[in-house]
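Can you build the whole structure from these sequences, using the hints too?
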Amino acid sequence: MIKILSGLHAPDSGGVIEIEGQPVSFSTTRDASRAGIATVYQELLLFPELTITENIFLGHSPRRRWGGIDWAEARSRARRLLDSLDCYALDTDTKVSTLSVAQRQRVEIAKALSHDARVLIMDEPTASLPQADVDQLMDVVKKLRAQGVAIIYVSHRMSEIFELADRVTVLRDGALIGTHAIDEVDEAKLVSMMVGRAIEQLFPKVEPNIGEVVFEAEGLNCGPLVKNVSFSLRRGEILGVAGLIGSGRTELALALFGITPATSGTIRVKGKQEVIRSPRSARDLGIAYVPEDRGLQGLVKPLPISQNISMASLDRMTTFSIIPFAEEARRALAAVKRLGVRSRGDVHQAVGELSGGNQQKVVVAKWLETQPEILILDEPTRGVDVGAKAEIHAVMGELAQKGLAIIMISSELPEVLGMSDRIMVINNGSVVETIDRADATPESVGMAMTAEQKKMDAA
Amino acid sequence: MHKIMITTVLSMSLAAGVAHAQQSSWTGGDDLPTNPLACDGTPAEVAAMPYDGGTPTDAPDRMGKTLTVVDIPKLVGIGYFSATSKGIADAAAEMGTMDVKTDGPTRANIDDQITLIDNYITSGVDGILYAANDPVAIAPVLKKALAAGINVVGYDANSEPDSRQWFVNQAQFNGIAKSVIDNLSDEIGEDGAFAIVTSTFTTPNQARWIAEMAAYQQKCHPDMEWLETVEAQEDNILSFNQANTLINKYGPDLKGIVGMTSVATPAAADAVTQAGLCGSVAVVGLATPNAMKPYVEADCVKSVVLWNPVDLGYAAAYVLRATADGTLKPGDTSVEAGKLGELSVINGSEVLLGAPFVYNKSNINNFDF
Amino acid sequence: MMVAEDNGSFGRRSATSRAGFFKKLYTEYGQEIVILGAIIVLLIVVGSYNPRFLSVRNLNTIFAGNAYIAVAAIGMSMVIITGHIDVSVGALIGVLATISGTIAVSGYPVWLAWLAPVVIGAAINMVVGILVAYARIPSIVVTLGMMSILRGGLISVTGGDWISGLPKSFMISQLKPFGVPAPIYFMVALTLLAAFWMRYSAFGRSLYAMGGNAEAARATGIPIERRTMIVFMIHGAFAGLATILFATQLQIIQSTVPPNLELTVITAAVIGGVSILGGTGTVIGSTFAAILFATIGSALIFTNVSAYWLRAVIGTLILVTVLVDVMRRRNKR
Amino acid sequence: MHIRKILRHETILAVLTVIVLIVLSFQSDRFFTVDNLLNQGRLMTEVGLIAIMMTFVIATGGIDLSVGSIVGLTAILMGVFWKNLGMPLPAAMILAIISGTLAGFGNGVIITRFSVPPLIATLATLALYRGIAEGISQARSVRGYPDWFYVLGQGEFAGVPTQLWILLVVAVVSALVLGVTRIGRTVYAIGFNEVAARFSGLPVDRTKLAIYTASGFAAALAGVIFVSRVSTTRSDMGTGLELDAITAVVLGGTSIYGGRGTIAGTFIALVLIQGLKNGLSWPALREKEPSC
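Chains as they are written, first to last, in numbering that gives the first Met the number 0: chain D, 0 to 458; chain R, 0 to 368; chain U, 0 to 332; chain B, 0 to 291.
Treat each hint with caution, since some may be false.
[Said to hold, decoys possible] Using 27 Å as the maximum straight-line C-alpha spacing, the simulated BS3-like pairs for lysine-lysine come out as follows: (1) R:Lys142 / B:Lys276; (2) R:Lys328 / B:Lys276; (3) D:Lys204 / D:Lys336; (4) D:Lys300 / D:Lys141; (5) D:Lys204 / D:Lys271; (6) D:Lys269 / D:Lys401; (7) R:Lys142 / R:Lys338; (8) B:Lys276 / R:Lys143; (9) R:Lys64 / R:Lys142; (10) D:Lys269 / D:Lys226; (11) R:Lys301 / U:Lys167; (12) R:Lys360 / U:Lys167; (13) R:Lys338 / R:Lys328; (14) D:Lys401 / D:Lys336; (15) B:Lys276 / R:Lys100; (16) R:Lys143 / R:Lys218; (17) R:Lys64 / R:Lys100; (18) D:Lys141 / D:Lys188; (19) R:Lys85 / B:Lys276; (20) R:Lys301 / R:Lys143; (21) D:Lys141 / D:Lys271.
No wet-lab data here; the hints were simulated from the structure.
Next comes the structure, spelled out in structure tokens:
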């Protein structure tokens, strides 16, 4: 839908797009931007090796009289755009590869605005942002709205919708479900429109069944973002890890999983001291990791579901390295049924053709095949629709119930609060606080996440 | 940054180390025994040798019949082998009883050449003419051709004798060597210093000539100084650059450059011309006349040594015809080769084209290849 | 990777200071500086071993000797930056040289003999570009095929005859304005022009975008197909310009494909810092690399390193350059 | 079935190959003879061995340009070990093959340990290995091997050229390894998405290292067979072989971007190329043959 509006894909048949009463049709993104439509995509489409200015003005840079790019003018215009988005500190000559996700998104918006857009489409702009940045983004969006820019804001997050929207349109499986003025609907109604059925709640937290300690880390260090981290994890427990993006949450997971092994500190699994050097040694200790970036790290998209599911446990299935294909398909089928993966047909469909939520379930299935005892979930519901989100949460609860220890890293505060038994807050690579479920409130966790930061900002 | 410097310096010193280890005078010749001719040109006493070539198995009687022949030079697309092919075609047209096709690898590659010959054996030809990229490597496939009853004659570059019937020798290695060194010493004097530009050290003919040249120079012009030999592939700009570098390196000490191929010699001549050193640095070498005409006419190059490749091809075609007809048999001492007249048999199974030919300003315009 | 700089929401970066300027220069042009350093070190080391190495004449030989490779590597760099490759460039230069020479000796004006290789080079590579961009055949496959066609065609058409009797006015490479060989002017001017174009034109910048992230480039509205085709055409035109330098250096033209030329050109581009995966690099580096090769070749003769070891030394140097580059990139992170 | 999807290219190629072979056999009655076909098999062995291992390399999204140079290096080392160092020939053969394998291992180390892109790494070793071969050989060639050695390259076993047996065994084993084993699956996973393969705990570096080593081994084996076939050793052996092998692999349907490809495809492409090389040498000649 978004891709048609922005001209990335042409509509298959019919349909007229009108702008200010004029019917228009775009076959390219260039047509769309000429018509005043600009888009901020869900996956940020920036060029890491180019600078901020270059990214913003790629394709429509200000020119000098002889046709060359007027870098001075481009820089000052980029400066003004960034300033209008409250990014006073960002140097316009910085390479995008060195920016954080939030910063990149600001560049994306600046890029969209540089087209003098009258219609701005924002596709899940907060999917990858921590809460503090979401608030800032809300302010920016409101500011733009006040300037007379029409905004199509695509989001799964209810709070944002209610905070920003004047009208809301619900789409499901490519069909229009309905459009309402915002004051005609409430959250429950929207959710039921979105998933087609009422959902009791998004976070089906079941009573935990917590057992003995299975995992202990003491004084872990790895690079600048894992500093002297110690914690323990019990059987059946869900340990939420909260922290801003770039606070070292993922780095900790990567160290635990052996992608970038810890440089010092000790790890005990079931009381026995172990060294984790590689993902394989982590797996053999019963540790599984569902990574942050599903498309890049989690799945081999062109390969079928069955092969993706068997990927992490392949060597346990084979004899003399030979793959038992029937067994592989059978196990994949069982896993697909268990987790409710909806595919077009059988397990031989390529994973890339599935929706985000179903892809995520395949990644989870892959790791469950390794019979893990400790499951690390990094942003398990990023880019997943509400229905699948609830299902994934249900699966988490079920697994914990069965005695799995789960570490859940999430940027969504409601998710952390809703699912965790304990919440470990990480800030700038160190554990600042561990809060029990009973004591956790959005305020207490949010404070811990940003406490250090505010001190720095003040300085 | 300093790490880079250290690495670079290290590799440089490594290179310098190798350099010192390699200081000993080294010419680029092969390690086969040499046989320099007498300095005054007295023909060497040639002991008669018994025929050491091969014989085709159950060859049909081809007397007077039209022969289907394939000519497989080292590579196609260079002037030299275009000239030999022309000679072969001329002879075939003159005889009227030979269908010849030239087909060779596009680079001087032993494997490609072997594969080609193999294919032609299966496709069924009466005769094969070849110029070998490697004397040993080509032998098995030629033996296979003999076993299939095909007449096999080599020219320009030989193979092991028993893998072919006859080889047309354009000029003996020691003869070429003598001619080159004698011409060079005439131009640069008995105490002149010179350097060599060759294609690659693995090219057999060039390596052989260089070895013979070194031996002859030691024997007959001991005071001349052999500075060094550089490689320049079959690449004219690289040859030009290498020749330039030699000029720059030795400055006025360098009196002569010898080019070993039709690519290197004109490039060396151009380097001398563009350096404005015509007359003070002599260029002598092996090359086809067309490539050398501009330099010979400009008086920058006085002598170019080569046989006549058109004649070489022409003779090879006649030898093949005579072999197929049975008029050239083992033990014969000469063979009739059309307009070239009688050619003599040497070394058991080789037909000698004659003495090397020296092109100069007075005769170079009579040749077009 | 990126997180190191991030301290919460928006990073703070101090304005670029003077010390930062050199640091920035180094991060931006690290590879170019490494190669330039290698050239300078070689010149100093070998020059102290044999002062003639640094004579004006020898420096001219070094800098002019590989000028045609440097010019061809400019176009090759653009192709590689957009994420493609061309292995047919050696054969193309061979063909264009023959065409140019034939025109020159046939009595047409020399400017036509100079123009023809540029235009025909662009035209031939337009075909390659169309097959790569619109038919979506991998460039290595297309150019492997084109290489065979050009090689085969050249041999069957010319039969290997040399072209001689070229008019004196055709020999532009032999000119020496102010004592400096003309190819050096060409090399410097074309390199600067291309570097300038790639830095300051929207088209030039978009090449990096296409090589770095084609999908995103499409979303930005860059007409990828057309630009890919045009990049191949520009590359063909640069091959044509390289041909002019190549064909007018000597009084004769050898109508064959120079051996291994494509490999030398690709190596120059890659060593020059153009990432073979696309998206980064500058043409200044590839020109430096071409000069480095000439410097090494000359240095080997001057230091009496047996030519038998020449290729081993060049291979080692390439490997060292690449490894140093990899280390540098790693440290940067 | 996904198997069908993968095989589609191979099927088209196979049909094309059959058509070409039929057309060629009409061109000359000597084409479709057992002798000729076996002989063609002999000629394609070296490039075949290399292309089969190259299929693995390209399927991981890599490339190995140094194989031709490894052929030359192995040949030279075998000659030097035997002639100059006086080793028994079997020992020299084995040692030379080990050296060639080590050269491939070197490629693997540079690529995995130092994360140098394969194209650049093997471009460098292409020059380096050939350079070492030239440096060691000093342009001297080694000849005069004992007769038993030629069995490998010129002899027959059960009526079929010896080296063709080797090629067939290597092809079948490789097809199985790539098709039904964990190693093959890992290769495809790396080719499609190396990061995900690493995050799935697959032995990415180890597999790549093994593949480049195997590529070196195949080139080394090809080198020894080559020497046996042409009875001499030269440092310029195998020049340009890498392009022939890559052509066969790519024509055989292996994606140059990695992830897709089969040994069957490579093998059919090899047959097609060899058939064309062989067949196309004749028609022109036939035109000049007296008509009957």
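Do the hints match the structure? See the list:
Restraint check for Lys142 of chain R and Lys276 of chain B: satisfied, since their Cα atoms lie roughly 22 Å apart, inside the 27 Å limit. Between Lys328 of chain R and Lys276 of chain B, the direct Cα distance comes to roughly 36 Å. Violation of the 27 Å bound is thereby established for this hinted pair. Proposed proximity of Lys204 of chain D and Lys336 of chain D is supported: the alpha carbons are some 22 Å apart, at most 27 Å. Straight-line distance between C-alpha atoms of Lys300 of chain D and Lys141 of chain D comes to about 38 Å, which puts the hinted pair past the 27 Å bound.
Taking the CA atoms of Lys204 of chain D and Lys271 of chain D, the gap is near 31 Å; set against the 27 Å cutoff, the hint is violated. With a C-alpha separation of about 17 Å, the suggested pair Lys269 of chain D and Lys401 of chain D falls inside the 27 Å cut-off, and the hint holds. About 31 Å separates the Cα atoms of Lys142 of chain R and Lys338 of chain R, which puts this hinted pair outside 27 Å; it is violated. Distance restraint check for Lys276 of chain B and Lys143 of chain R: the Cα-Cα separation of roughly 19 Å lies within the 27 Å cut-off, and the hinted pair is therefore satisfied.
The straight-line distance between the Cα atoms of Lys64 of chain R and Lys142 of chain R is roughly 23 Å, inside the 27 Å bound, and the hint therefore holds. Distance check on the hinted pair: Lys269 of chain D and Lys226 of chain D sit about 23 Å apart at the alpha-carbon level, within 27 Å; holds. Straight-line distance between C-alpha atoms of Lys301 of chain R and Lys167 of chain U comes to about 21 Å, which keeps the hinted pair within the 27 Å bound. Restraint check: the Cα-Cα separation between Lys360 of chain R and Lys167 of chain U comes to about 20 Å, which is no more than 27 Å; the hinted pair holds.
Annotation: proposed proximity of Lys338 of chain R to Lys328 of chain R holds, straight-line Cα distance about 21 Å (limit 27 Å). With a C-alpha separation of about 18 Å, the suggested pair Lys401 of chain D and Lys336 of chain D falls inside the 27 Å cut-off, and the hint holds. Taken as a hint, the Lys276 of chain B and Lys100 of chain R pair is honoured in the structure, with Cα atoms around 17 Å apart against an allowance of 27 Å. Taken as a hint, the Lys143 of chain R and Lys218 of chain R pair is broken in the structure, with Cα atoms around 42 Å apart against an allowance of 27 Å.
Of the supplied pair hints, the one linking Lys64 of chain R and Lys100 of chain R holds, its CA atoms being roughly 17 Å apart against a limit of 27 Å. About 25 Å separates the Cα atoms of Lys141 of chain D and Lys188 of chain D, which keeps this hinted pair within 27 Å; it holds. Distance hint between Lys85 of chain R and Lys276 of chain B is fulfilled; the C-alpha atoms sit about 25 Å from each other, no more than 27 Å. At most 27 Å may separate the alpha-carbon atoms for a hinted pair to count; Lys301 of chain R and Lys143 of chain R exceed this at roughly 45 Å.
Restraint check: the Cα-Cα separation between Lys141 of chain D and Lys271 of chain D comes to about 54 Å, which exceeds 27 Å; the hinted pair is violated.
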